[in-house]
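There are 2 protein chains.
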Amino acid sequence: MARWQPGTRERLQVAALELFTTRGFEQTTATEIAAAAGVTERTFFRHFADKREVLFDGQDLLVEAFLAGVEKAPADAPPLELVTAALAGTAGFFTAERRPWSRTRQAVIDRNPGLQEREQLKMAVLTQTLGEALRAKGLADPVATLAAHSAVAVFSTAFGIWLREDRGIDEIQAELLRTMSTLF
Amino acid sequence: MARWQPGTRERLQVAALELFTTRGFEQTTATEIAAAAGVTERTFFRHFADKREVLFDGQDLLVEAFLAGVEKAPADAPPLELVTAALAGTAGFFTAERRPWSRTRQAVIDRNPGLQEREQLKMAVLTQTLGEALRAKGLADPVATLAAHSAVAVFSTAFGIWLREDRGIDEIQAELLRTMSTLF
Numbered sequence: 009m010a011r012w013q014p015g016t017r018e019r020l021q022v023a024a025l026e027l028f029t030t031r032g033f034e035q036t037t038a039t040e041i042a043a044a045a046g047v048t049e050r051t052f053f054r055h056f057a058d059k060r061e062v063l064f065d066g067q068d069l070l071v072e073a074f075l076a077g078v079e080k081a082p083a084d085a086p087p088l089e090l091v092t093a094a095l096a097g098t099a100g101f102f103t104a105e106r107r108p109w110s111r112t113r114q115a116v117i118d119r120n121p122g123l124q125e126r127e128q129l130k131m132a133v134l135t136q137t138l139g140e141a142l143r144a145k146g147l148a149d150p151v152a153t154l155a156a157h158s159a160v161a162v163f164s165t166a167f168g169i170w171l172r173e174d175r176g177i178d179e180i181q182a183e184l185l186r187t188m189s190t191l192f
Numbered sequence: 009m010a011r012w013q014p015g016t017r018e019r020l021q022v023a024a025l026e027l028f029t030t031r032g033f034e035q036t037t038a039t040e041i042a043a044a045a046g047v048t049e050r051t052f053f054r055h056f057a058d059k060r061e062v063l064f065d066g067q068d069l070l071v072e073a074f075l076a077g078v079e080k081a082p083a084d085a086p087p088l089e090l091v092t093a094a095l096a097g098t099a100g101f102f103t104a105e106r107r108p109w110s111r112t113r114q115a116v117i118d119r120n121p122g123l124q125e126r127e128q129l130k131m132a133v134l135t136q137t138l139g140e141a142l143r144a145k146g147l148a149d150p151v152a153t154l155a156a157h158s159a160v161a162v163f164s165t166a167f168g169i170w171l172r173e174d175r176g177i178d179e180i181q182a183e184l185l186r187t188m189s190t191l192f
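Keeping their order, the protein sequence lines are chains A and B.
Every number in this note's numbering is 8 more than the matching position in the first sequence, counting from 1.
Every number in this note's numbering is 8 more than the matching position in the second sequence, counting from 1.
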C-alpha cells in the first residue's frame, strides 16, 4: 500500500520512531528527525506540529474510521449494532502490515508518562466524538454515552491484545463484545 | 495561627472555588487563595501542590472508595457483583450535601480545557487501578479490564446525571447498570 512507501511524511515517521527507540523520546529533537529523514526542519514542521504528533498522526483517521462505521449502519439500528459497526471501521486501520510499526510505537509510549497521558486523552476524545455520532444517529442518552464508552473499552482492550497476538483486530473485538455480554 | 488549625484545608478549598468562579481559574494565584482563606502562602503549599490540586483533592479518596468496595466483596464474586460493589463505594462520597460544591467545581472545569484533561486522566487512572484490584480479586483478563472500563463508564455517566438531577448516585448507577445489560 502506498502509505508505507517512502514519501516525505512516512520517511519522517520512520526516522522519528527509529530515533525515539534507540535514543529515547525526550532526547530526540525535531531537527534530528528531519536530518535523519534527509529533509529540512522547515519541512518537518510542515508535516507535524511537534515531535509528539509524529506518534499521534493517525488519531483523526481512527476517529473517522469509527464515525464512518456508524454512518453506514441503518438509521434504526439498535445500540449493539451501532457499536459493532463503529468497531468494524478499525479493521482496515490495524492491519497485519501495520503491527510492527504499532508495536514499536507502543514501546516508545510505554516508556514515557507524558505520551501515555496523550494516548489516554486520545481515547477520551474518541469516546466523546463517538457519543455525539451515536446521538446524531438517534440513540438517546444515557444509552448513547454508555454505548460510546463500551465501544472504546472494547477497542482499547482489543488493541492491547492485537499488539501481542497475531490475530485480526476484528476477531478480537468480536470476542470481547461477547465477553461484555457475559458480564452484564 | 496554629500550623494545623482544623478546617484550614476546607477553608482553602472554599476560597479557591469562590475565586475560580468569580475571577477565573487562570486568573487566580495560590497566594490569593491563601489570603482569601486567611492563611499564609506557605500554609497553602503545605496542603496542596498547586492551585489545580485544590480541585482534584478527592481523587485518592474516590479511588480508595472503589477499591474498598471490591475488597469487601466475597472472593468468588462474579464480575458484575464486583462492578456493583466497586460502584457502591461512591455513594458515601457523592452525598446530597456535596452536590453544590461538585456543581460549582464542575462549572470551573467545564470552562478550562486543561482541567478537563486532568479530569479525563483521573478517570483513566481510576480504570487502571480498578482493573488491577479486580485481577487481584481473581478476575482474569480480558474480563477484569472490560469490567473496570464498564464500572468507570457507569460511574462517570452517573456522575453527570447526579450533578443535574436531585437523585442519589447509587440509584442512578443501578439504573445505568441495567441499561448496560440491555445494551449487550
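Each hint should be verified, as a subset may be incorrect.
Given that identical chains are not distinguished, each listed pair holds provided it fits within a single copy or across any two copies.
Said to hold, decoys possible - Here are the simulated SDA-like pairs of lysine to any residue, each with C-alpha atoms no more than 20 Å apart in a straight line: (1) Lys59 to Thr112; (2) Lys145 to Thr190; (3) Lys145 to Leu191; (4) Lys145 to Phe192; (5) Lys145 to Thr187; (6) Lys145 to Glu79.
Think of the hints as simulated: they come from the structure by calculation, not from any bench.
The structure displayed is predicted, hence computed values, not measured ones.
Fill in: Identical-chain pair category, Lys145 with Glu79, by Cα at 20 Å
within (8 Å within a copy, 40 Å between copies)
Item to complete: Check Lys145 against Thr187 for me: Cα-Cα at most 20 Å, and say if that holds within a copy, between copies, both or neither.
Response: Answer is between; shortest inter-copy Cα gap is 18 Å, intra-copy 25 Å.
Worksheet item: Quick one: Lys145 to Leu191, C-alpha cut-off 20 Å, is that within a copy, between copies, both, or neither?
Response: between (26 Å within a copy, 16 Å between copies)
Worksheet item: Given a CA cutoff of 20 Å, do Lys59 and Thr112 count as a within-copy pair, a between-copy pair, both, or neither?
Response: within (16 Å within a copy, 37 Å between copies)
Worksheet item: Under a CA distance limit of 20 Å, which applies to Lys145 and Thr190: within one copy, between copies, both, or neither?
Response: Classified as between; 18 Å across copies, 26 Å inside a copy.
Item to complete: Up to 20 Å between alpha-carbons, please classify Lys145 paired with Phe192: within, between, both or neither.
Response: between (24 Å within a copy, 18 Å between copies)
Hint compliance for this structure: no hint is broken.
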